[in-house]
Amino acid sequence: MQAFLDSLIRGWGHDPQTWVWTQLIYVAFMGLFSFAVINFAAVTAGIFSWAERRVAGRMQSRVGPNRAGPGGFYQWIADAVKLLTKEDLVPTEADQFLFRIAPYFMMVGFACVFVALPFSHRLVIAEMNVGVFYIIAVTALIVVGIIMSGWSSNSKWSLFGAIRSAAQIISYEIPAGMALMIPVLLSGTLSTQGIIRAQGPWPWEWYIFHDPASFAAFFIYFISALAEGNRTPFDLPEAESELVSGYNTEYSGMRFSYFFLVEWGNMWVMSALATTMFLGGWQVPFLPVTDAADKIAMLSGGWTVLAELASIAIFTFKTLFFVFIVMWLRWTLPRIRVDQMMNMCWKYLVPVSFAAVLFVAGWMLVIHAVPALDWIMRIVLTAGGAITLVMFWLRTLQNIKDTGDKFDFTSNW
Amino acid sequence: MRRVDTPGTGGYFPRPQTARLKANDEGIAMDSYLTPYLPILVLLLLAGVMCVAITFFATVLGPRRITNIKEAAFECGSPTTGDPHARHSVKFFLVALLFIVFDVESVFIYPWGALLRDLNGDGLGWFAYFEMMSFMATLAIGLVYVWRKGALEWT
Amino acid sequence: MEAVLFYIFAIGVVVAGAQVVLRRNPIYGAVSLVACFFFLAGIYVLLSAHLIAILQVMVYAGAVMVLFVFVIMLLNLKEEELGEMHVTTMKGIGLAAVLVLVGFIAWKALTPVQFARDMAVNEQIHGFGGVKAVGNVLYRSSVLPFEVTSLLLLVAVVSAVVIAKGKI
Chain A
1 MQAFLDSLIR
11 GWGHDPQTWV
21 WTQLIYVAFM
31 GLFSFAVINF
41 AAVTAGIFSW
51 AERRVAGRMQ
61 SRVGPNRAGP
71 GGFYQWIADA
81 VKLLTKEDLV
91 PTEADQFLFR
101 IAPYFMMVGF
111 ACVFVALPFS
121 HRLVIAEMNV
131 GVFYIIAVTA
141 LIVVGIIMSG
151 WSSNSKWSLF
161 GAIRSAAQII
171 SYEIPAGMAL
181 MIPVLLSGTL
191 STQGIIRAQG
201 PWPWEWYIFH
211 DPASFAAFFI
221 YFISALAEGN
231 RTPFDLPEAE
241 SELVSGYNTE
251 YSGMRFSYFF
261 LVEWGNMWVM
271 SALATTMFLG
281 GWQVPFLPVT
291 DAADKIAMLS
301 GGWTVLAELA
311 SIAIFTFKTL
321 FFVFIVMWLR
331 WTLPRIRVDQ
341 MMNMCWKYLV
351 PVSFAAVLFV
361 AGWMLVIHAV
371 PALDWIMRIV
381 LTAGGAITLV
391 MFWLRTLQNI
401 KDTGDKFDFT
411 SNW
Chain B
414 MRRVDTPGTG
424 GYFPRPQTAR
434 LKANDEGIAM
444 DSYLTPYLPI
454 LVLLLLAGVM
464 CVAITFFATV
474 LGPRRITNIK
484 EAAFECGSPT
494 TGDPHARHSV
504 KFFLVALLFI
514 VFDVESVFIY
524 PWGALLRDLN
534 GDGLGWFAYF
544 EMMSFMATLA
554 IGLVYVWRKG
564 ALEWT
Chain C
569 MEAVLFYIFA
579 IGVVVAGAQV
589 VLRRNPIYGA
599 VSLVACFFFL
609 AGIYVLLSAH
619 LIAILQVMVY
629 AGAVMVLFVF
639 VIMLLNLKEE
649 ELGEMHVTTM
659 KGIGLAAVLV
669 LVGFIAWKAL
679 TPVQFARDMA
689 VNEQIHGFGG
699 VKAVGNVLYR
709 SSVLPFEVTS
719 LLLLVAVVSA
729 VVIAKGKI
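Chain order of the listed sequences is A, B and C.
Residues 1 to 413 in the numbering used here are what the first sequence lists, from first letter to last.
Residues 414 to 568 in the numbering used here are what the second sequence lists, from first letter to last.
Residues 569 to 736 in the numbering used here are what the third sequence lists, from first letter to last.
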């Protein structure tokens, strides 16, 4: 897209190599994209807050927000306005400075992830050759924000919540990092776009179905991401029955909403990352993009735009599907205990993820020698996955029929 | 198939393929190796500024009726007892220490993962594999030790 | 551009570093340390040491900072226990030593060397400072140091348990 900006500048009759304002134009466009991305993050988080309440209502046989707008869709806007006009309380006992800046740390750390997170074939703010590494690293800012908010609140509940949360996030960062290692191994690059380019549009070309260990790694990543985002069943830091609300107990108004913006926005981040690393990202069927040949760029005129839109749609669909699963899990699974949480991480996920990395590395070397094995394994795993999905679907249909459950679009909606 | 570290297509600000060293002298054109990192800086600043601006906006919009009760720390309705910054268990400390060790380990594994393809292309595949295997085996001994000592039990 | 960024980051590092030392409250010290690490990461990026920059954020700002904070909370020093700020002879000597050291380094550093441009050339040609460039050195020619590192980490794990658990 620098090429695009360069051509734009050429269109104005200047040579981008020598024109004095080139840099300024670049920075201005970066600012514009960053602004768009921050707003995108905030708006998706808002919409997820509505979606989550609707999903929760559906799963618990109640209604959920349905007053403001069609299906209660404007509820999140109403909430935003309400939070914006709330009183900004800072407890007298709290550490004034840290208490005020802790939510900013959370938001900034969260927004920074979007720099390397792709949206489509060309739509990514920066293609970094350390992309995955960078995403893992900036999560650190969120931990800093959590600890600051918990400590500065000068409240027992906040501090307990913050310490639990920090311990949980750092513990699960190890298996998450190791699981994300596997697509890096297979593709040989750390760039998020490069990893998508190394996969293909069809399921058997995705890394989740590459071999049994990468299949396991996907689930390890997903579980760890749930824990890092403090989502149920790992929402111990904000266990409302014991800790009031965890590290954000003392917050109110806009500062409070930043914490929840981050939590809901994180659902997009973790799902988009899972899609990128394991599920072929934005690859459009029949138009595979690899490092060697870019079929989308080879199209002409309007078709390129159409393919680009298709790649956005595919990426968004995959991501939203996982966002839905995250919500689904929240209203299905009970919260686990602290010792179970720590056991799960250090005794199961950490050893398994390290073993998975070694297995995948060995498997890569084996299929390098015997390429046929690669395809056999991919097809077997894809078939297995497909059969599981079909059986799950049939079972669900059977259940729906047996219980006479139906989704009523007219009365409660 | 060898992959190069520099990206090809895609990205709004991909690293330019052509050298811009000529313009570097005057510091006019963007230094190419900074290109993917400048958006981070821009986004960081913008996100911070937006957060502060919105919070300021909210303070202006919101009411300000401060009472002592409102300003007190939450303690289920009763006055706060004891020290809110109570001492914490040494378990958290242990978790943080373990995390640092395994974090550093993953730091060593990541470049290896990115390189294994290239190393394999140079016929060093199995060498690199056993290199990493022995590295991980040593760490596995550490994990087993921690486990056997009961440091992973959260009681 | 590069020079402007460098001075912003450099001043940030110095100011944040001074905060770490001067703040009485250890939590403020830890937070300043994080800020210091971030500015330092920026400087590493300017030096085209991408991998080191990321590691700086990941290991220091992420892991080490959390450890520090946990230790601070474990000790839980009160304001009154921290004591007053005193000017002692030792602090005077320390300040003088720092000034001498900084002066020496500045004198060495200000000797004109065309570093920046060489770095840029390196980057253009070899992907200098990137993940693969570092990895190539680490896994091809420095195999023994790499393996010894794992022993070092093993020692770290064992000592962590010994310190934290007390009884063996």
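Be careful, since some hints might not be right.
[Said to hold, decoys possible] Listed next, the in silico DSS-like pairs over lysine-lysine satisfying Cα-Cα at most 27 Å (straight line):
1) A:K347 x B:K504
2) C:K676 x A:K347
3) B:K504 x C:K676
4) C:K676 x C:K659
5) B:K562 x A:K347
6) A:K318 x A:K295
7) C:K733 x B:K562
8) B:K562 x B:K504
What the hints contain is simulated information worked out from the structure, not anything from laboratory work.
We went through each hint and held it up to the structure:
1. This hinted pair checks out: K347 (chain A) and K504 (chain B) have alpha carbons roughly 16 Å apart, not beyond 27 Å.
2. Annotation: proposed proximity of K676 (chain C) to K347 (chain A) is violated, straight-line Cα distance about 51 Å (limit 27 Å).
3. Straight-line distance between C-alpha atoms of K504 (chain B) and K676 (chain C) comes to about 46 Å, which puts the hinted pair past the 27 Å bound.
4. Restraint check for K676 (chain C) and K659 (chain C): satisfied, since their Cα atoms lie roughly 26 Å apart, inside the 27 Å limit.
5. With a C-alpha separation of about 13 Å, the suggested pair K562 (chain B) and K347 (chain A) falls inside the 27 Å cut-off, and the hint holds.
6. Of the pairs offered as hints, the one joining K318 (chain A) and K295 (chain A) holds, with about 21 Å between alpha carbons and a cut-off of 27 Å not exceeded.
7. Proximity of K733 (chain C) to K562 (chain B) is assessed by CA-CA distance (about 9 Å); at most 27 Å being required, the pair is judged to hold.
8. At roughly 13 Å between alpha-carbon atoms, K562 (chain B) and K504 (chain B) fall within 27 Å of each other, so this suggested pair holds.
This entry does not satisfy hints 2, 3, going by the numbered hints stated previously.
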